[in-house]
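Sequences and hints are given; from them, build the entire structure.
2 protein chains.
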Amino acid sequence: MIFINGGVCAAKGFKASGVHCGIRKNRTKRDLALIVSETPAAAACTYTKNLVKGAPLTVTKENVANGYAQAVICNSGNANTCNANGIEIARGMCELVEKEIGIKAEDVVVASTGVIGQPLSLEPIARGMKELCAGLDCTEEAAEAAAEAIMTTDTVKKEVAVEFDCGGVKCRIGGIAKGSGMIHPDMATMLVFITTDCAISPEMLQKALSADIVDSFNMVSVDGDTSTNDMVSVLANGAAGGKMIESEGEDYKIFCQALSMITRTLCRMIASDGEGATKLIDCKVSGAVSVKAAKTVAKSVICSSLLKAAMFGADANWGRVLCAIGYSGAEVDINKVDVDFQSRAGTVAVCRNGAGVDFDEDIAKKVLTEKEIYILVGLNDGEATAEAWGCDLTYDYVKINGDYRT
Amino acid sequence: MIFINGGVCAAKGFKASGVHCGIRKNRTKRDLALIVSETPAAAACTYTKNLVKGAPLTVTKENVANGYAQAVICNSGNANTCNANGIEIARGMCELVEKEIGIKAEDVVVASTGVIGQPLSLEPIARGMKELCAGLDCTEEAAEAAAEAIMTTDTVKKEVAVEFDCGGVKCRIGGIAKGSGMIHPDMATMLVFITTDCAISPEMLQKALSADIVDSFNMVSVDGDTSTNDMVSVLANGAAGGKMIESEGEDYKIFCQALSMITRTLCRMIASDGEGATKLIDCKVSGAVSVKAAKTVAKSVICSSLLKAAMFGADANWGRVLCAIGYSGAEVDINKVDVDFQSRAGTVAVCRNGAGVDFDEDIAKKVLTEKEIYILVGLNDGEATAEAWGCDLTYDYVKINGDYRT
Chain A
53 MIFINGGVCA AKGFKASGVH CGIRKNRTKR DLALIVSETP AAAACTYTKN LVKGAPLTVT
113 KENVANGYAQ AVICNSGNAN TCNANGIEIA RGMCELVEKE IGIKAEDVVV ASTGVIGQPL
173 SLEPIARGMK ELCAGLDCTE EAAEAAAEAI MTTDTVKKEV AVEFDCGGVK CRIGGIAKGS
233 GMIHPDMATM LVFITTDCAI SPEMLQKALS ADIVDSFNMV SVDGDTSTND MVSVLANGAA
293 GGKMIESEGE DYKIFCQALS MITRTLCRMI ASDGEGATKL IDCKVSGAVS VKAAKTVAKS
353 VICSSLLKAA MFGADANWGR VLCAIGYSGA EVDINKVDVD FQSRAGTVAV CRNGAGVDFD
413 EDIAKKVLTE KEIYILVGLN DGEATAEAWG CDLTYDYVKI NGDYRT
Chain B
53 MIFINGGVCA AKGFKASGVH CGIRKNRTKR DLALIVSETP AAAACTYTKN LVKGAPLTVT
113 KENVANGYAQ AVICNSGNAN TCNANGIEIA RGMCELVEKE IGIKAEDVVV ASTGVIGQPL
173 SLEPIARGMK ELCAGLDCTE EAAEAAAEAI MTTDTVKKEV AVEFDCGGVK CRIGGIAKGS
233 GMIHPDMATM LVFITTDCAI SPEMLQKALS ADIVDSFNMV SVDGDTSTND MVSVLANGAA
293 GGKMIESEGE DYKIFCQALS MITRTLCRMI ASDGEGATKL IDCKVSGAVS VKAAKTVAKS
353 VICSSLLKAA MFGADANWGR VLCAIGYSGA EVDINKVDVD FQSRAGTVAV CRNGAGVDFD
413 EDIAKKVLTE KEIYILVGLN DGEATAEAWG CDLTYDYVKI NGDYRT
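Going down the list, the sequences are from chains A and B. The opening position of the first sequence corresponds to residue 53 in the working numbering, with each subsequent residue numbered one higher. The opening position of the second sequence corresponds to residue 53 in the working numbering, with each subsequent residue numbered one higher.
Do not rely on the hints blindly, as some may be mistaken.
Put simply, identical chains are the same to the list, so a pair is met inside one copy or across any two.
Said to hold, decoys possible - Computed list of lysine-lysine pairs in DSSO-like fashion (alpha-carbon distance at most 27 angstroms, straight line):
no.: 1; residue 1: K336; residue 2: K305
no.: 2; residue 1: K417; residue 2: K451
no.: 3; residue 1: K418; residue 2: K77
no.: 4; residue 1: K451; residue 2: K77
no.: 5; residue 1: K101; residue 2: K388
no.: 6; residue 1: K388; residue 2: K113
no.: 7; residue 1: K417; residue 2: K77
no.: 8; residue 1: K451; residue 2: K423
no.: 9; residue 1: K423; residue 2: K113
no.: 10; residue 1: K336; residue 2: K259
no.: 11; residue 1: K101; residue 2: K336
no.: 12; residue 1: K101; residue 2: K344
no.: 13; residue 1: K182; residue 2: K81
no.: 14; residue 1: K182; residue 2: K423
no.: 15; residue 1: K417; residue 2: K388
Just so you know, the hints here were simulated from the structure itself, not pulled from any lab data. Fair warning: this is a prediction, and the values are worked out from it, not measured in the lab.
Structure, rendered in C-alpha cells:
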C-alpha cells in the first residue's frame with residue numbers, strides 16, 4: 053500500500069475538472085468542480101448531523117438512495133443552505149450535468165460550500181458548464197483543478213491517493229477535501245470526495261465508509277462548529293477489473309485499510325489548514341478504560357480554546373490539557389494521568405500522576421515551536437486508545453471569521 | 053428591591069480586605085482577599101463539575117459540611133490545582149486566618165485562582181496576613197479591595213449589591229466575582245462570593261443557590277472551558293435581625309429574587325469582561341418546546357466560535373446562528389426559526405421560518421457595533437424560554453492565552 057499522485061483521478065475511469073464560473077467575484081479562484089466516472093459507480097455517503105442541512109445534501113441523499121452514482125458536482129462560494137429555493141437550485145445543478153454530458157440528473161452527487169443563507173443563482177453555473185465539461189480529464193492537473201475549485205478559506209488544496217492490491221488486481225483510491233473553518237464533524241465532515249476503481253458493492257462501500265469516519269473525520273475539530281454542509285462521498289467504479297467485494301473478508305479488510313489511509317491523511321490536512329492555523333495538534337490517548345473514554349478525552353483536548361491558544365504561543369501550559377480532560381465527561385482517574393508534548397524537536401514529560409513534573413522550559417519551547425505537535429495522554433487505566441486532530445487558535449482565525457461575508 | 057453600593061460589605065456584619073502579598077510579581081496588583089462575618093453564618097457552596105478539582109475546593113467542602121462558615125480567604129495568581137501538596141497548602145491558608153483573627157480554620161471558605169500546576173507557597177500569604185487582617189473594614193473601599201484581589205485576567209472588578217425587604221426587616225445581599233477566561237461553568241462558576249445579612253437556614257440557602265445557578269452561572273460561557281476551580285459561595289449571617297427563613301414561602305421567594313438579581317448581574321459582568329472581549333452577547337430564546345431545549349439552543353449560540361468572531365466584526369452573519377441551533381442537539385423545527393439582532397441602536401430581523409430575509413446591512417452594522425448585543429431566537433414551537441450570556445472572540449483572547457504563564 054503506497055501513496056501515489058493523482059488525487060481523484062488516480063483511480064481508473066475517473067475524470068475531473070475545475071473552473072471559475074463566477075459565483076465568486078475573484079476571477080482567479082475556481083468555484084465549480086466536476087468529477088465523473090466513465091461507468092456507474094457504487095456510491096456511499098455520510099452527512100452532517102446538524103439539523104440545519106444544506107439543500108444539496110437532501111438532493112444527494114435522494115440521488116444515491118439506490119446505491120449508485122456517476123458524477124459529483126460541487127460549487128464553492130455559496131452553501132445553498134437556508135434558502136427557500138435551495139432544493140430547486142441543487143436539482144438544477146444536477147440537471148445541468150445531464151444536459152451537458154448525458155449523465156442522468158439522478159446519478160449526480162451535488163454539494164455546495166460557502167456562505168449560509170444567501171440565495172444561489174444557477175446562472176453562473178449554467179454559463180460555466182461548457183468550459184467545466186470540456187476540461188474533464190484524467191490527469192493530475194485536472195484532479196488539482198477540482199481540488200482547488202472546492203476550496204473556501206482553505207489555503208492549500210487537499211488531495212491524496214493510494215495504490216493497493218485487492219480482488220486480485222492493483223487498485224487505486226484517491227480523494228480531495230475542503231475544510232478550514234466550521235469544522236467539528238458529527239458522523240460526517242466537510243466536503244470530501246473519494247474515488248476508487250476497486251470493485252465493491254454499495255452495501256459494503258457504505259459499511260466501510262460508516263465504520264471509517266468514526267475514527268477519522270469525526271475526530272477532527274477546528275473550531276467546534278459542526279457545519280450544515282458536511283458530506284463525505286465515495287464512488288467505486290470497479291474499473292480496476294478486480295473481483296467484487298460483496299462481504300467481509302481479506303479484500304474488504306484491505307479496502308478499509310486503503311480507505312483509512314486516505315481519510316486519515318485528509319484529516320491531518322484539514323486540521324493543519326484550519327482557519328488561521330499555524331500548526332497541527334495531534335492528540336494521542338492511550339490506556340483508557342474504553343474507546344469511548346479515549347475518544348472523548350482526545351477530542352476534548354484538541355477542542356479546548358485555551359489549549360489551542362497556548363499551542364499558538366508555544367506555551368507548555370499542560371494544566372489546560374488536564375483541565376480539558378477533567379471536563380470532558382470521560383471516565384478517568386485524574387490522579388493517574390501522564391502528559392507529554394512531542395514533535396520532531398523531541399519529547400517533554402510535563403505531567404505524571406496528575407501533577408506537574410520539572411521540565412526544561414527552553415526545550416519545551418523548542419518542541420512546541422514545530423509545525424506538528426503531538427500531545428500524548430497516558431490514562432494508565434486500561435487498554436483503549438484514540439487519536440484526534442486539531443489546530444491552534446490564532447489571530448488569523450479571528451480575522452478570517454470577523455468578517456467572512458464581505 | 054433596589055441596587056445599592058457596597059459589594060460584599062453591603063450586608064450588615066461583614067468586613068473585607070484585599071492586599072498584595074507577593075504571589076504575583078506585579079506589586080500594584082492585589083492578590084489576597086479576606087471576607088469575614090462578625091458572627092458564624094449559614095454557608096452554601098456549589099463547585100465545578102470538572103474531575104480535576106482545585107485543592108481549595110476539597111478543603112472548603114469539608115469546612116462547610118456542617119452548613120456554617122465565618123470567613124472567606126482567596127488568593128489570585130496561582131490556582132493551587134494539580135499540585136502534590138495542594139490540600140496541605142489550602143488547609144494552611146485557613147490556619148493562618150485562625151492564627152491571625154481567631155476564626156476557626158474549619159469555619160473558613162478557601163479559594164485560589166490562577167495558573168494550574170505550579171506549587172503554591174504559603175510564605176507570601178503568611179507574610180501578608182497582618183496587613184490583610186489589619187485592613188478589614190465594612191467600607192465600600194474595603195469591599196473593592198477584596199474584589200480587586202481576586203481578579204486574574206479580569207479588566208474590571210465585579211461587584212453588586214441589592215437591598216430588599218424580607219422577614220420583616222430591610223436586608224442586603226452583595227457579591228463579588230472574578231472570571232474572564234476558562235469560563236464555561238457546569239453546576240457552579242468562576243469564583244463568586246456572596247454575603248447577606250438575611251436570616252436563612254443553611255438548608256434553604258443551599259436550596260436557593262442550587263436552584264439559582266442553573267439559570268445564572270451555568271448559562272455563561274466565555275470559551276467553552278470549564279475551570280478546575282469554579283466555586284460560588286454564599287454566607288448569610290442574619291445580622292439584619294429578620295425572621296429566619298426555614299421553609300419555602302413568601303420570604304424565601306423574595307430572597308431567591310434578590311439572589312437572582314445578584315447572580316444575573318454578575319453573569320453579565322463576567323461575560324462582558326470575557327478575556328479579550330469587546331462586547332456582551334446575550335441570547336434570548338423563546339417559543340421552545342421545553343426549558344431544556346431553550347437552554348441548549350441559547351448556550352450553543354453563545355458558544356459558537358464562528359458566531360463570536362462574527363460579532364467581533366459586527367458582521368450580521370445569521371447563518372452561523374442557525375448553524376449553532378442546528379448542531380446544538382436540541383429538539384427544534386428548523387423551518388420555524390426566527391432570528392433578530394438587537395441593541396440600543398435598534399432591531400434587525402434577519403431570518404424568518406429558517407430562511408434569510410432582506411435587511412439593511414448598514415443598519416445591521418450599526419446595531420452590531422454596540423457593546424451589548426441581543427440575539428433573539430424565536431423557535432415558534434412552544435412556551436419555554438432561556439437566556440445565556442457570552443462575548444465575542446477577538447485578537448486579544450488569542451493574545452492573552454497564547455502566553456498566559458509568562
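Which of the listed hints are not met by the structure? When the structure is compared with the hints, numbers 9 and 14 turn out to be violated.
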